[in-house]
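Residue numbers (the working numbering): 328 to 724.
Hints were generated in silico from the structure; no laboratory data involved.
Positions of the beta carbon are idealized from the N, C-alpha and C atoms, including for glycine.
Don't take every hint at face value.
[To be verified] Label-pair ranges, simulated between beta-carbon atoms:
#1 F551 <-> D336: 17 to 27 Å
#2 V721 <-> D511: 22 to 32 Å
#3 M572 <-> G531: 46 to 56 Å
#4 G483 <-> W620: 57 to 67 Å
#5 L718 <-> G474: 51 to 61 Å
#6 D467 <-> A678: 46 to 56 Å
#7 E596 <-> T372: 25 to 35 Å
#8 E705 <-> W620: 23 to 33 Å
#9 Q540 <-> G652: 41 to 51 Å
#10 G483 <-> E659: 26 to 36 Å
#11 D685 <-> L612: 30 to 40 Å
#12 A356 <-> R627: 22 to 32 Å
#13 G485 <-> R627: 42 to 52 Å
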Amino acid sequence: MDFGFGRADDRFRAEARDWLGCHLVGPYAEWAGRGGPGSEHEGATVRRAWERELGAGGWIGLGWDCPAGAYGNRPVSLTRQVVWAEEYARARAPGRVGHIGENLLAPTLLAYGDEAQRRRFLPAIARGEELWCQGYSEPDAGSDLAGLRTAAVRDGAGYRVTGQKIWTSLAREADWCFVLARTDPAERRHRGLSFLLVPMDQPGRIEVRPIRQMSGTAEFNEVFFDGAVAGHVVGGEGAGWRVAMGLLAGERGVSTLVQQIGFAAELSEVIAAAVRGGTLRDPVLRDQLLTQWAELRVMRWNALRTLGAAGDAGAPSVAKLLWGGWHQRLGELAMRVRGAAAALGPVDWSAQAPYELDAFQRLFLFTRADTLYGGSDEIQRNIIAERVLGLPRVERG
328 MDFGFGRADD
338 RFRAEARDWL
348 GCHLVGPYAE
358 WAGRGGPGSE
368 HEGATVRRAW
378 ERELGAGGWI
388 GLGWDCPAGA
398 YGNRPVSLTR
408 QVVWAEEYAR
418 ARAPGRVGHI
428 GENLLAPTLL
438 AYGDEAQRRR
448 FLPAIARGEE
458 LWCQGYSEPD
468 AGSDLAGLRT
478 AAVRDGAGYR
488 VTGQKIWTSL
498 AREADWCFVL
508 ARTDPAERRH
518 RGLSFLLVPM
528 DQPGRIEVRP
538 IRQMSGTAEF
548 NEVFFDGAVA
558 GHVVGGEGAG
568 WRVAMGLLAG
578 ERGVSTLVQQ
588 IGFAAELSEV
598 IAAAVRGGTL
608 RDPVLRDQLL
618 TQWAELRVMR
628 WNALRTLGAA
638 GDAGAPSVAK
648 LLWGGWHQRL
658 GELAMRVRGA
668 AAALGPVDWS
678 AQAPYELDAF
688 QRLFLFTRAD
698 TLYGGSDEIQ
708 RNIIAERVLG
718 LPRVERG
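Assemble the whole structure, with the sequences as input and the hints as a guide.
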(Lines of atoms letter the chains of each structure in order from A and count residues from 1; the text may use other names and numbers.)
(Lines give C-alpha, C1' and ligand atoms only; values in the text may rest on other atoms or scores of the structure.)
Protein backbone atom coordinates (compact mmCIF):
# COMPACT_ATOMS: atom_id res chain seq x y z
CA MET A 1 0.00 0.00 0.00
CA ASP A 2 1.30 3.45 -0.93
CA PHE A 3 0.77 5.23 2.37
CA GLY A 4 1.74 8.86 2.83
CA PHE A 5 0.53 12.13 4.32
CA GLY A 6 -0.50 15.10 2.17
CA ARG A 7 -0.94 18.79 2.86
CA ALA A 8 -4.54 18.31 3.96
CA ASP A 9 -3.32 15.76 6.50
CA ASP A 10 -0.74 18.25 7.75
CA ARG A 11 -3.49 20.83 8.30
CA PHE A 12 -5.54 18.23 10.13
CA ARG A 13 -2.51 17.40 12.28
CA ALA A 14 -2.17 21.07 13.23
CA GLU A 15 -5.88 21.18 14.12
CA ALA A 16 -5.58 18.08 16.31
CA ARG A 17 -2.43 19.35 18.00
CA ASP A 18 -3.98 22.76 18.71
CA TRP A 19 -7.17 21.23 20.11
CA LEU A 20 -5.26 18.91 22.41
CA GLY A 21 -3.04 21.78 23.54
CA CYS A 22 -6.08 23.90 24.46
CA HIS A 23 -8.17 21.18 26.11
CA LEU A 24 -5.62 18.90 27.76
CA VAL A 25 -5.38 21.16 30.80
CA GLY A 26 -6.38 21.18 34.47
CA PRO A 27 -7.43 17.78 35.81
CA TYR A 28 -7.07 16.23 32.36
CA ALA A 29 -3.39 17.20 32.21
CA GLU A 30 -2.87 15.55 35.58
CA TRP A 31 -3.82 12.27 33.93
CA ALA A 32 -1.43 12.70 31.00
CA GLY A 33 0.08 9.34 30.08
CA ARG A 34 -2.04 7.47 32.64
CA GLY A 35 -5.10 5.27 32.49
CA GLY A 36 -3.84 2.91 29.80
CA PRO A 37 -3.05 -0.82 30.00
CA GLY A 38 -2.06 -1.63 33.55
CA SER A 39 -4.02 1.27 35.04
CA GLU A 40 -7.33 1.25 33.15
CA HIS A 41 -9.22 1.18 36.41
CA GLU A 42 -7.78 4.45 37.71
CA GLY A 43 -9.18 7.98 37.46
CA ALA A 44 -12.47 6.87 35.94
CA THR A 45 -14.37 10.05 36.90
CA VAL A 46 -11.87 12.43 35.29
CA ARG A 47 -11.38 10.23 32.27
CA ARG A 48 -15.13 9.92 31.77
CA ALA A 49 -15.39 13.71 31.74
CA TRP A 50 -12.51 13.74 29.23
CA GLU A 51 -14.53 11.36 27.04
CA ARG A 52 -17.36 13.90 26.92
CA GLU A 53 -14.81 16.61 26.11
CA LEU A 54 -13.60 14.55 23.15
CA GLY A 55 -17.17 14.00 22.02
CA ALA A 56 -17.99 17.71 22.15
CA GLY A 57 -14.88 18.38 20.05
CA GLY A 58 -15.92 15.86 17.40
CA TRP A 59 -12.99 13.49 17.97
CA ILE A 60 -14.93 10.26 18.55
CA GLY A 61 -15.92 8.01 15.66
CA LEU A 62 -13.47 9.35 13.09
CA GLY A 63 -13.02 5.89 11.63
CA TRP A 64 -16.65 4.80 11.45
CA ASP A 65 -17.71 3.66 7.99
CA CYS A 66 -20.84 5.77 7.65
CA PRO A 67 -22.00 8.99 5.96
CA ALA A 68 -20.69 12.19 7.53
CA GLY A 69 -22.81 13.27 10.47
CA ALA A 70 -25.13 10.26 10.27
CA TYR A 71 -24.62 9.39 13.91
CA GLY A 72 -23.10 12.57 15.31
CA ASN A 73 -19.54 11.74 14.29
CA ARG A 74 -17.32 13.11 11.50
CA PRO A 75 -15.70 10.33 9.48
CA VAL A 76 -12.28 11.21 8.06
CA SER A 77 -9.80 9.52 5.74
CA LEU A 78 -7.57 6.69 6.88
CA THR A 79 -4.51 8.92 6.91
CA ARG A 80 -6.27 11.46 9.15
CA GLN A 81 -7.32 8.72 11.53
CA VAL A 82 -3.64 7.84 11.84
CA VAL A 83 -2.77 11.53 12.33
CA TRP A 84 -5.26 11.90 15.19
CA ALA A 85 -4.12 8.69 16.84
CA GLU A 86 -0.47 9.76 16.61
CA GLU A 87 -1.10 13.24 18.01
CA TYR A 88 -3.23 11.82 20.83
CA ALA A 89 -0.44 9.45 21.80
CA ARG A 90 2.28 12.08 21.51
CA ALA A 91 0.28 14.47 23.71
CA ARG A 92 0.14 11.66 26.31
CA ALA A 93 -3.59 12.27 26.66
CA PRO A 94 -5.45 10.13 29.25
CA GLY A 95 -6.19 6.51 28.45
CA ARG A 96 -9.62 6.23 26.84
CA VAL A 97 -12.50 4.76 28.80
CA GLY A 98 -14.69 4.86 25.69
CA HIS A 99 -12.46 2.87 23.37
CA ILE A 100 -14.49 -0.35 23.64
CA GLY A 101 -17.65 1.39 22.47
CA GLU A 102 -15.94 3.47 19.79
CA ASN A 103 -13.53 0.92 18.33
CA LEU A 104 -15.24 -2.42 18.96
CA LEU A 105 -19.00 -2.06 19.31
CA ALA A 106 -19.60 0.82 16.87
CA PRO A 107 -17.96 -0.85 13.82
CA THR A 108 -19.84 -4.04 14.73
CA LEU A 109 -23.19 -2.24 14.75
CA LEU A 110 -22.35 -0.58 11.44
CA ALA A 111 -21.55 -3.97 9.92
CA TYR A 112 -24.18 -6.22 11.53
CA GLY A 113 -26.71 -4.09 13.45
CA ASP A 114 -29.99 -2.67 12.24
CA GLU A 115 -30.68 1.02 11.76
CA ALA A 116 -32.67 1.32 14.98
CA GLN A 117 -29.71 -0.05 16.95
CA ARG A 118 -27.29 2.32 15.22
CA ARG A 119 -29.46 5.36 15.94
CA ARG A 120 -29.95 4.32 19.54
CA PHE A 121 -26.31 3.63 20.46
CA LEU A 122 -23.88 5.35 18.07
CA PRO A 123 -24.75 9.01 18.84
CA ALA A 124 -24.34 8.39 22.59
CA ILE A 125 -20.92 6.83 21.96
CA ALA A 126 -19.95 9.75 19.69
CA ARG A 127 -20.87 12.22 22.44
CA GLY A 128 -18.82 10.26 24.99
CA GLU A 129 -21.89 9.75 27.14
CA GLU A 130 -22.27 5.95 27.25
CA LEU A 131 -19.46 3.53 28.05
CA TRP A 132 -19.23 -0.14 27.13
CA CYS A 133 -17.53 -3.31 28.32
CA GLN A 134 -17.10 -6.68 26.61
CA GLY A 135 -18.70 -9.89 27.90
CA TYR A 136 -16.77 -12.66 26.14
CA SER A 137 -14.39 -14.66 28.36
CA GLU A 138 -15.66 -17.03 31.04
CA PRO A 139 -13.90 -19.04 33.78
CA ASP A 140 -14.04 -22.20 31.64
CA ALA A 141 -14.10 -20.51 28.25
CA GLY A 142 -11.32 -17.97 27.86
CA SER A 143 -9.36 -18.71 24.72
CA ASP A 144 -11.92 -21.41 23.87
CA LEU A 145 -14.70 -18.88 23.48
CA ALA A 146 -17.02 -21.34 21.71
CA GLY A 147 -17.24 -23.31 24.95
CA LEU A 148 -19.04 -20.54 26.84
CA ARG A 149 -21.90 -21.40 29.20
CA THR A 150 -23.70 -18.09 29.68
CA ALA A 151 -27.27 -18.68 28.51
CA ALA A 152 -30.04 -16.39 27.31
CA VAL A 153 -33.70 -17.39 27.05
CA ARG A 154 -36.50 -15.60 25.27
CA ASP A 155 -38.63 -13.32 27.42
CA GLY A 156 -41.18 -11.47 25.33
CA ALA A 157 -39.37 -9.26 22.85
CA GLY A 158 -36.04 -9.66 24.65
CA TYR A 159 -33.94 -12.16 26.58
CA ARG A 160 -33.02 -13.09 30.13
CA VAL A 161 -29.28 -13.65 30.54
CA THR A 162 -27.77 -15.92 33.21
CA GLY A 163 -24.11 -16.80 33.61
CA GLN A 164 -20.68 -15.40 34.44
CA LYS A 165 -18.07 -13.42 32.52
CA ILE A 166 -14.51 -12.77 33.66
CA TRP A 167 -11.53 -10.48 32.94
CA THR A 168 -14.05 -7.77 32.07
CA SER A 169 -12.25 -4.43 31.78
CA LEU A 170 -14.16 -1.28 32.78
CA ALA A 171 -17.19 -3.27 33.97
CA ARG A 172 -17.53 -1.00 37.03
CA GLU A 173 -17.67 2.12 34.83
CA ALA A 174 -19.65 0.78 31.86
CA ASP A 175 -23.27 1.62 31.15
CA TRP A 176 -23.68 -1.30 28.72
CA CYS A 177 -22.08 -4.66 27.98
CA PHE A 178 -22.15 -6.60 24.72
CA VAL A 179 -22.50 -10.24 25.73
CA LEU A 180 -21.96 -13.42 23.78
CA ALA A 181 -24.46 -15.99 25.12
CA ARG A 182 -26.03 -19.27 24.07
CA THR A 183 -29.63 -18.82 22.94
CA ASP A 184 -30.10 -22.34 21.54
CA PRO A 185 -29.21 -24.97 24.17
CA ALA A 186 -29.60 -27.75 21.62
CA GLU A 187 -26.62 -26.49 19.60
CA ARG A 188 -22.92 -26.98 20.40
CA ARG A 189 -19.75 -24.95 20.12
CA HIS A 190 -20.03 -21.85 17.92
CA ARG A 191 -23.58 -22.62 16.75
CA GLY A 192 -26.57 -21.32 18.68
CA LEU A 193 -24.85 -18.21 20.07
CA SER A 194 -26.19 -14.65 20.00
CA PHE A 195 -24.62 -11.21 20.42
CA LEU A 196 -26.72 -9.35 23.00
CA LEU A 197 -26.61 -5.75 24.29
CA VAL A 198 -27.19 -5.66 28.05
CA PRO A 199 -27.64 -2.53 30.23
CA MET A 200 -25.41 -2.77 33.30
CA ASP A 201 -27.67 -0.87 35.69
CA GLN A 202 -29.77 -3.84 36.84
CA PRO A 203 -29.49 -4.18 40.64
CA GLY A 204 -30.06 -7.74 41.80
CA ARG A 205 -29.62 -9.07 38.28
CA ILE A 206 -26.05 -7.97 37.55
CA GLU A 207 -23.20 -8.04 40.05
CA VAL A 208 -19.68 -6.78 39.31
CA ARG A 209 -16.86 -8.10 41.50
CA PRO A 210 -13.37 -6.61 41.07
CA ILE A 211 -10.56 -9.17 40.77
CA ARG A 212 -7.82 -8.16 43.20
CA GLN A 213 -4.35 -8.79 41.79
CA MET A 214 -1.03 -9.36 43.55
CA SER A 215 -0.24 -5.70 42.94
CA GLY A 216 -3.14 -4.79 45.22
CA THR A 217 -5.12 -3.22 42.39
CA ALA A 218 -8.15 -4.52 40.51
CA GLU A 219 -7.96 -3.81 36.79
CA PHE A 220 -10.41 -6.54 35.78
CA ASN A 221 -13.75 -7.78 37.04
CA GLU A 222 -16.04 -10.76 37.24
CA VAL A 223 -19.60 -10.08 36.08
CA PHE A 224 -22.48 -12.26 37.23
CA PHE A 225 -25.79 -12.22 35.34
CA ASP A 226 -28.87 -13.55 37.12
CA GLY A 227 -31.80 -13.12 34.77
CA ALA A 228 -30.48 -9.81 33.40
CA VAL A 229 -32.66 -8.23 30.73
CA ALA A 230 -31.29 -7.81 27.19
CA GLY A 231 -33.51 -6.02 24.70
CA HIS A 232 -31.22 -6.03 21.65
CA VAL A 233 -29.67 -8.85 19.61
CA VAL A 234 -27.20 -7.86 16.89
CA GLY A 235 -27.22 -9.68 13.57
CA GLY A 236 -30.13 -11.92 14.50
CA GLU A 237 -30.54 -14.83 16.88
CA GLY A 238 -27.92 -17.54 16.36
CA ALA A 239 -25.51 -15.26 14.48
CA GLY A 240 -23.43 -14.43 17.54
CA TRP A 241 -20.28 -16.25 16.48
CA ARG A 242 -20.14 -14.49 13.12
CA VAL A 243 -20.70 -11.10 14.76
CA ALA A 244 -18.18 -11.77 17.54
CA MET A 245 -15.48 -12.88 15.10
CA GLY A 246 -16.18 -9.84 12.92
CA LEU A 247 -15.62 -7.63 15.97
CA LEU A 248 -12.31 -9.28 16.85
CA ALA A 249 -11.06 -9.01 13.25
CA GLY A 250 -11.42 -5.24 13.44
CA GLU A 251 -8.71 -4.87 16.12
CA ARG A 252 -5.90 -3.84 13.77
CA GLY A 253 -4.71 -1.01 11.52
CA VAL A 254 -4.96 2.45 13.07
CA SER A 255 -5.24 1.11 16.62
CA THR A 256 -2.09 -0.95 16.08
CA LEU A 257 -0.16 2.08 14.84
CA VAL A 258 -1.10 4.25 17.81
CA GLN A 259 -0.27 1.39 20.16
CA GLN A 260 3.23 1.37 18.69
CA ILE A 261 3.73 5.04 19.58
CA GLY A 262 3.20 4.11 23.21
CA PHE A 263 5.56 1.16 22.79
CA ALA A 264 8.23 3.47 21.36
CA ALA A 265 7.93 5.78 24.37
CA GLU A 266 8.30 2.84 26.76
CA LEU A 267 11.34 1.55 24.85
CA SER A 268 12.96 5.00 25.04
CA GLU A 269 12.47 5.03 28.81
CA VAL A 270 14.04 1.57 29.15
CA ILE A 271 17.03 2.63 27.02
CA ALA A 272 17.44 5.82 29.07
CA ALA A 273 17.44 3.75 32.26
CA ALA A 274 20.12 1.48 30.77
CA VAL A 275 22.25 4.54 29.98
CA ARG A 276 21.82 6.02 33.46
CA GLY A 277 22.57 2.76 35.22
CA GLY A 278 25.52 1.83 33.02
CA THR A 279 23.99 -1.50 31.95
CA LEU A 280 24.11 -0.41 28.32
CA ARG A 281 27.81 -1.38 28.42
CA ASP A 282 26.71 -5.02 28.57
CA PRO A 283 26.98 -6.17 24.91
CA VAL A 284 24.25 -8.81 25.28
CA LEU A 285 21.78 -6.34 26.78
CA ARG A 286 22.73 -3.73 24.21
CA ASP A 287 22.03 -6.23 21.42
CA GLN A 288 18.64 -7.08 22.95
CA LEU A 289 17.64 -3.40 23.08
CA LEU A 290 18.71 -2.92 19.47
CA THR A 291 16.65 -5.95 18.48
CA GLN A 292 13.61 -4.47 20.24
CA TRP A 293 14.05 -1.23 18.27
CA ALA A 294 14.36 -3.09 14.95
CA GLU A 295 11.35 -5.30 15.66
CA LEU A 296 9.24 -2.24 16.50
CA ARG A 297 10.08 -0.79 13.07
CA VAL A 298 9.04 -4.07 11.44
CA MET A 299 5.71 -3.98 13.31
CA ARG A 300 5.08 -0.47 12.00
CA TRP A 301 5.76 -1.49 8.42
CA ASN A 302 3.50 -4.51 8.80
CA ALA A 303 0.71 -2.33 10.23
CA LEU A 304 1.05 0.08 7.30
CA ARG A 305 1.03 -2.84 4.88
CA THR A 306 -2.29 -4.15 6.22
CA LEU A 307 -3.85 -0.73 6.92
CA GLY A 308 -7.31 -0.66 5.39
CA ALA A 309 -6.87 -4.10 3.84
CA ALA A 310 -9.92 -6.34 3.71
CA GLY A 311 -10.14 -10.09 3.40
CA ASP A 312 -6.73 -10.87 4.95
CA ALA A 313 -7.76 -13.59 7.39
CA GLY A 314 -4.37 -13.82 9.02
CA ALA A 315 -3.54 -10.12 9.48
CA PRO A 316 -5.14 -9.65 12.94
CA SER A 317 -3.52 -12.83 14.26
CA VAL A 318 -0.08 -11.95 12.88
CA ALA A 319 -0.32 -8.46 14.40
CA LYS A 320 -1.34 -9.88 17.80
CA LEU A 321 1.53 -12.38 17.78
CA LEU A 322 4.01 -9.66 16.89
CA TRP A 323 3.05 -7.04 19.46
CA GLY A 324 2.17 -9.44 22.30
CA GLY A 325 5.57 -11.11 22.33
CA TRP A 326 7.43 -7.86 21.68
CA HIS A 327 5.80 -6.03 24.59
CA GLN A 328 6.37 -8.97 26.93
CA ARG A 329 10.08 -9.01 26.06
CA LEU A 330 10.22 -5.25 26.70
CA GLY A 331 8.85 -5.81 30.21
CA GLU A 332 11.57 -8.37 30.82
CA LEU A 333 14.23 -5.95 29.54
CA ALA A 334 12.91 -3.25 31.86
CA MET A 335 13.80 -5.53 34.77
CA ARG A 336 17.20 -6.51 33.37
CA VAL A 337 18.41 -2.94 32.93
CA ARG A 338 17.57 -2.29 36.60
CA GLY A 339 19.43 -5.32 37.86
CA ALA A 340 18.93 -6.25 41.52
CA ALA A 341 17.21 -2.91 42.17
CA ALA A 342 14.23 -4.16 40.13
CA ALA A 343 13.21 -6.27 43.12
CA LEU A 344 12.73 -3.18 45.32
CA GLY A 345 9.56 -1.10 45.36
CA PRO A 346 9.57 2.71 45.31
CA VAL A 347 8.37 3.00 48.93
CA ASP A 348 8.61 0.93 52.07
CA TRP A 349 6.15 -1.92 52.51
CA SER A 350 3.01 -1.24 54.54
CA ALA A 351 -0.20 -3.10 55.24
CA GLN A 352 -2.15 -0.37 53.42
CA ALA A 353 0.04 -0.48 50.28
CA PRO A 354 1.87 -3.81 50.36
CA TYR A 355 2.63 -3.94 46.65
CA GLU A 356 3.52 -0.39 45.65
CA LEU A 357 5.17 -0.61 42.22
CA ASP A 358 7.12 1.72 39.98
CA ALA A 359 6.46 2.15 36.25
CA PHE A 360 8.92 -0.55 35.13
CA GLN A 361 7.58 -3.08 37.62
CA ARG A 362 4.01 -2.43 36.45
CA LEU A 363 5.19 -2.80 32.85
CA PHE A 364 6.81 -6.14 33.62
CA LEU A 365 3.84 -7.59 35.51
CA PHE A 366 1.18 -6.37 33.09
CA THR A 367 3.01 -7.62 29.99
CA ARG A 368 2.89 -11.17 31.33
CA ALA A 369 -0.73 -11.10 30.14
CA ASP A 370 0.02 -9.73 26.65
CA THR A 371 0.27 -13.19 25.09
CA LEU A 372 -3.03 -14.24 26.70
CA TYR A 373 -5.67 -11.50 26.54
CA GLY A 374 -7.26 -10.61 23.22
CA GLY A 375 -6.71 -14.20 22.09
CA SER A 376 -3.80 -16.30 23.31
CA ASP A 377 -0.76 -16.97 21.12
CA GLU A 378 -1.82 -20.60 20.74
CA ILE A 379 -5.21 -19.57 19.36
CA GLN A 380 -3.63 -17.06 16.97
CA ARG A 381 -1.31 -19.75 15.60
CA ASN A 382 -4.27 -22.08 15.11
CA ILE A 383 -6.11 -19.38 13.15
CA ILE A 384 -3.09 -18.78 10.89
CA ALA A 385 -2.58 -22.52 10.39
CA GLU A 386 -6.20 -23.24 9.51
CA ARG A 387 -7.37 -20.09 7.71
CA VAL A 388 -4.17 -18.98 5.96
CA LEU A 389 -2.01 -22.07 5.49
CA GLY A 390 -4.97 -24.40 4.97
CA LEU A 391 -3.78 -27.02 7.47
CA PRO A 392 -6.33 -29.53 8.79
CA ARG A 393 -8.63 -28.25 11.50
CA VAL A 394 -8.23 -29.63 15.00
CA GLU A 395 -11.39 -31.30 16.26
CA ARG A 396 -12.47 -29.72 19.53
CA GLY A 397 -14.87 -31.26 22.01
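Status of each hint after checking the structure:
{"no.": "1", "hint": "F551 <-> D336: 17 to 27 Å", "result": "violated, 47 Å"}
{"no.": "2", "hint": "V721 <-> D511: 22 to 32 Å", "result": "holds, 24 Å"}
{"no.": "3", "hint": "M572 <-> G531: 46 to 56 Å", "result": "violated, 33 Å"}
{"no.": "4", "hint": "G483 <-> W620: 57 to 67 Å", "result": "holds, 58 Å"}
{"no.": "5", "hint": "L718 <-> G474: 51 to 61 Å", "result": "violated, 22 Å"}
{"no.": "6", "hint": "D467 <-> A678: 46 to 56 Å", "result": "violated, 35 Å"}
{"no.": "7", "hint": "E596 <-> T372: 25 to 35 Å", "result": "holds, 28 Å"}
{"no.": "8", "hint": "E705 <-> W620: 23 to 33 Å", "result": "holds, 28 Å"}
{"no.": "9", "hint": "Q540 <-> G652: 41 to 51 Å", "result": "violated, 22 Å"}
{"no.": "10", "hint": "G483 <-> E659: 26 to 36 Å", "result": "violated, 53 Å"}
{"no.": "11", "hint": "D685 <-> L612: 30 to 40 Å", "result": "violated, 19 Å"}
{"no.": "12", "hint": "A356 <-> R627: 22 to 32 Å", "result": "holds, 28 Å"}
{"no.": "13", "hint": "G485 <-> R627: 42 to 52 Å", "result": "holds, 45 Å"}
In summary, the structure is inconsistent with hints 1, 3, 5, 6, 9, 10, 11 from the numbered list given earlier, while agreeing with the others.
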